[in-house]
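Peer 1: Sequences listed follow chains W and R, in order. Converting from the first sequence to the numbering used here requires adding 15 to each position, the first position being numbered 1. Converting from the second sequence to the numbering used here requires adding 10 to each position, the first position being numbered 1.
Hints are computed from structural coordinates only; laboratory data are not their basis. Glycine included, C-beta positions come from ideal geometry on N, C-alpha and C. Warning: the hint list may mix true and false statements.
What the simulated footprint calls covered on chain W by chain R, stretch by stretch (three residues with Cβ under 8 Å from a Cβ of chain R suffice, anywhere in the stretch; the number is not a length) [unchecked claim]:
(1) 28-39
(2) 66-77
(3) 98-109
(4) 119-126
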Amino acid sequence: NAGVTQTPKFQVLKTGQSMTLQCAQDMNHEYMSWYRQDPGMGLRLIHYSVGAGITDQGEVPNGYNVSRSTTEDFPLRLLSAAPSQTSVYFCASSLDLASGNTIYFGEGSWLTVV
Amino acid sequence: AQKITQTQPGMFVQEKEAVTLDCTYDTSDPSYGLFWYKQPSSGEMIFLIYQGSYDQQNATEGRYSLNFQKARKSANLVISASQLGDSAMYFCAMRDFRSNTGKLIFGQGTTLQVKP
């Protein structure tokens with residue numbers, strides 16, 4: 016019963032480097048999303064997807080890129096890492112856009128940009 | 011604007027006692043969902059309980075229950091028989107079902123410490 020799986024759990028990047036945070040779910044959920052969690056700012060939506068081939072921007076999309084080539088996977092790419100992107104990143108999925116009781120989060124990815 | 015307010019930054023409760031974590035929300039939309047998540051020190055976000063705006067009864071999940079008062083726009087989480095493992099940060103969140111983003115709007119969280 017994997018649920019939502021995120022990798023890596025911890026990562027340290029140098030400013031300017033790029034990397035991809037992986038997210039996979041095995042629940043056949045159409046809706047997937049990425050949030051970042053910062054002290055005093057709560058969780059903010061970065062990007063989301065309502066199905067394979069469809070992605071859109073959330074509140075704080077700048078500096079991030081996503082794709083959804085399959086229902087299961089929703090990777091988040093940092094194009095050129097900046098210290099302001101130091102944060103905890105969560106992937107979340109639900110059955111669809113309007114689901115109530117099926118929103119699950121991955122375990123989080125701690126990213127530090129130096 | 012939609013908003014979630016958790017007014018208790020920190021709470022203490024004695025083991026085996028019940029505790030209520032407050033959550034008020036603001037939305038003009040009649041269709042929404044309210045969630046509570048637990049975030050222990052290890053960092054993961056654990057889904058606890060859900061209440062839909064049209065649900066007639068208060069949601070319950072084991073030791074967790076949601077005291078939903080729609081007219082007052084409150085959705086307080088009640089944890090009965092607290093355990094040491096309940097020590098964590100708790101987040102109230104709302105999802106607007108008519109939004110085209112599916113975004114969850116989170117409160118600032120309440121840190122709960124259970125004393126032995």
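Peer 1: Take the stretch 119-126 of chain W, compare each residue's beta carbon with every beta carbon of chain R, and decide whether three or more fall closer than 8 Å.
Peer 2: holds (count 6)
Peer 1: Report holds or violated for chain R covering the stretch 66-77 of chain W, Cβ cut-off 8 Å, minimum 3 residues.
Peer 2: With 3 residues close enough to chain R, the hint holds.
Peer 1: Mind checking, does the stretch 98-109 of chain W have 3 or more residues with a CB under 8 Å from chain R?
Peer 2: That given contact holds, which follows from 4 residues of the stretch 98-109 of chain W lying within Cβ reach (below 8 Å) of chain R.
Peer 1: For the stretch 28-39 of chain W, do three or more residues have a beta carbon lying closer than 8 Å to a beta carbon of chain R?
Peer 2: Coverage by chain R is violated for the stretch 28-39 of chain W (0 residues, Cβ < 8 Å).
This entry does not satisfy hint 1, going by the numbered hints stated previously; all others are met.
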